[in-house]
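Enquirer: Sequence:
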Amino acid sequence: MEVATADRSKQLLPLIFRNASAGYVGGLVTDVVFYVLDSYKVQQQTQTLSAAGTSISSRIQISQLARGIGPISLLGSGTSFALFFSIYGPLKDGIVSSHAYASPTTTSPALASNSVSIAIASMFAAVPATIIGIPADTVKKQVVVGNYPSALSAATAIWRQRGPYGFLVGWRANLVRDIPFSAVKMTLYESMATLCHSVRGVSANEHLSPLDSSLVGFASGGFTAVFSNPLDVLNTRIKASVGLNSMGIIDTTRHIARKEGISVFFRGIVPRVLIFGFGSSVFWTTHSYAHTMLTNVIN
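Just so we're aligned: 39 in my numbering is position 52 of the sequence shown, and the numbers increase by one with no gaps anywhere.
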């Protein structure tokens, strides 16, 4: 029993390392490639409307779109994805292998177990992965809307004004957005990947090719970007406020609905769909290459 446990530990550590490293590389590359487009989306979402429906905030500030790209990319999505996949993979495999959530009455218990395990594992992994990425997300939004000239000045000001908690402002909005987003996106991705394996006639345990990963990633990412856009608008409004003195989720929702209209919740939806459609393709392609390379090196 102890030998079996030791063997599992030896297999688990390389798996966690591969998943975390591939996640970081994929997140970093995607962040850099789509940084400017994401900044454009943030500026769109922070533009306020008058009662007549006309913009009363400044126009898109092109000079601010790439601000902070270096430090924010290094500390942003890369670290979040590294933590997410280091938890997600082993947890999902553990739930599937235990069959704890497979229904005894279903005609396809393995499929039911796998679908539920994906959703549960992604939601659990999303919590710490989201929290660790919030500081970089907060700093980025403060910088690209023009509240501060650089990531360093923004981080220094946040620390002085709000202390450590200032970097976690809007954490509830992040969790409300990212937990269901991760569950839906990963369930779609894994389901489409399974279908792709079936069409290709290869084992379900085989890693997707970079091309297949990009196609499946585009479909799953683009779809989930649409329904989560209202929550993304709330997250942006809370984090981009001057001095981080914005209202909470409920009050911000009421304010936008009453003062600006429901249509504001769909601001930035086009760049968001592009980011999570093409961005998911870039991420999964990069992730696939990195994972394969690391597997070959370790083995």
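Just so you know, these hints were derived from the structure itself, not from any lab. The structure displayed is predicted, hence computed values, not measured ones. Some clues are possibly wrong.
Now the in silico label distances, taken between C-beta atoms and shown as ranges [what the hints assert, rightly or not]:
(1) Gln148 / Gly188: 23 to 33 Å
(2) Asn283 / His242: 47 to 57 Å
(3) Met280 / Leu61: 32 to 42 Å
(4) Asp80 / Leu182: 16 to 26 Å
(5) Gly188 / Ile118: 18 to 28 Å
In this text, a Cβ means the ideal position worked out from N, Cα and C, and glycines have one as well.
Enquirer: CB of Gln148 to CB of Gly188, is that within 23 to 33 Å?
Expert: violated (59 Å)
Enquirer: Is the hinted range of 18 to 28 Å satisfied by the C-beta distance from Gly188 to Ile118?
Expert: At 41 Å between Cβs, range violated.
Enquirer: Can you tell me whether the CB distance of Asp80 to Leu182 sits inside 16 to 26 Å?
Expert: For Asp80 and Leu182 the Cβ distance comes to about 20 Å; the hint holds.
Enquirer: Lying within 47 to 57 Å: is that true of the beta-carbon distance Asn283 to His242?
Expert: Given a distance of about 53 Å, which is inside 47 to 57 Å, the answer is holds.
Enquirer: Between Met280 and Leu61, is the Cβ distance one that fits in 32 to 42 Å?
Expert: violated (20 Å)
When held up to the earlier numbered hints, the structure conflicts with 1, 3, 5 and fits the remainder.
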